[in-house]
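Novice: Turn these sequences into a full structure, and let the hints steer you where they fit.
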Amino acid sequence: MSPAGAERLEWVLWTTLVLGTSFFVNQYVPDPYMDEIFHAPQFSRYCERHMDWDPKITTPAGLYLVTLGLHVLLYPFGFAKCTQTGWIRFTNVLVLSIIPWLCLRIRQRQGRRRASLAPWICATLPPLWFFGFLYYTDVLSTVAVLAGMLAMESRRYGMAALFGWLSLWFRQNNIVWVLFMMGASMLQELQRLSSTPAEKMPPMLTLVQHSSTWAKLVRTGAIFLPVFVSFAAYLWWNDGSVVLGDKSHHQLAMHLPQLGYLFAFTLFFGWPAVVSSLRGPWLYHHGILAVVLLLAGFLAVHFGTMEHPFLLADNRHYTFYVWRRIVKAHDAMPYVLVLVYAFSGMLWMRTLARTRNALWILGWLIATSLTVVPSPLIEPRYFLVSYLLLRLYAPDPPFQLQWLELACHICINAVTMTVFCLYPFRWPREVGWQRFMW
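Residues 373 to 810 in this note's numbering are what the sequence shown spells out, letter by letter.
Everything labelled a hint here was simulated from the structure, so no lab data went into it.
This structure is a prediction, so every number in the text was calculated from the model and none was measured.
Keep in mind that a hint or two might mislead.
Here are the simulated DSS-like pairs of lysine-lysine, each with C-alpha atoms no more than 30 Å apart in a straight line [what the hints assert, rightly or not]:
(1) K428 - K619
(2) K619 - K700
(3) K588 - K572
Specialist: Given below as structure tokens:
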């Protein structure tokens, strides 16, 4: 089969898998579930031209406006109904189907033309895949950030700023990733001026001596300025709060162990991508850094561990069992796991250093910290953008490991979807069926 034919077959199989899974979910879970009980009725009100807002919803109206746009396009053909859950979910199904293309283009813009399974690995990341079939904000939020990164890599900074602004309509803390895009854009221009490859630091001391460098940086940064001005206006309008609606369960916190949980997440799902970095005595040469990270991790866990009420009370999520069966299995276990967090962090940074320079990595660390640390709730959905950027910009492992990584994602997705759809259970004091999910 020719490469073009193989590529078409891949997309046919992917589209079939996405549509088939969507049909399966809607067949067995036809009614709104979990947070959908807020999101789906809110869209229905918009669709019926009622603009009243449910105060329980804490994110902006971007998800509903996109679905409303699809409704306007498809309603004349009889496909779109304001209150049909399966149709409402189709917004995310459609967006999920383009994620491999976005990931592929981001890698191509990096100059990586070699065949890789990374786009499919990223698109099947289990939490991302799962919520692609429900009516949540996370898939559109993630795709808007990825589209911004693609525009940034293409040096279309105006488009990057536009997609960054659009991402704020799905999740407010994406302002952090807009800041990251701006920094990455400026770094990209510095590397272009000095003909420096992405994995090398540009000669900063030389570049800053030229007025043309400062002019280029100012012009690049100014493109993103309207996004920050609009976000400042939103904060002023919303009385200084990032969160819309009900703020009682979405208070900002200083939850430092979240970085450790993120790196545990990245190691669990992405270990095939970093296993090749184990070669050589790298840990021996970075012993001081390892000691510093371990000490910081122990202090963060001892003084900063938080147990959100949702985490302790809701047995419908993976995190409930991970917390109870692993993290809290023994009083010493939270400290033992610091070894895993530090090991994963060092391993990923070593891997990423083969394709990105220290400034890019530092920017990713800062953006990730600003995204996850303020949240008191451990929620895998909050890790999606950080992980996808890590995986997309890391070098590819051997093809056998890529197949293993993809197979692990598919197996986890198959098990999770099967349990979610076919094995509901009841709570003694609640009406209706409960379902296990991410």
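Novice: Going through the earlier hints one by one, which of them does the structure break, listed in rising order?
Specialist: none
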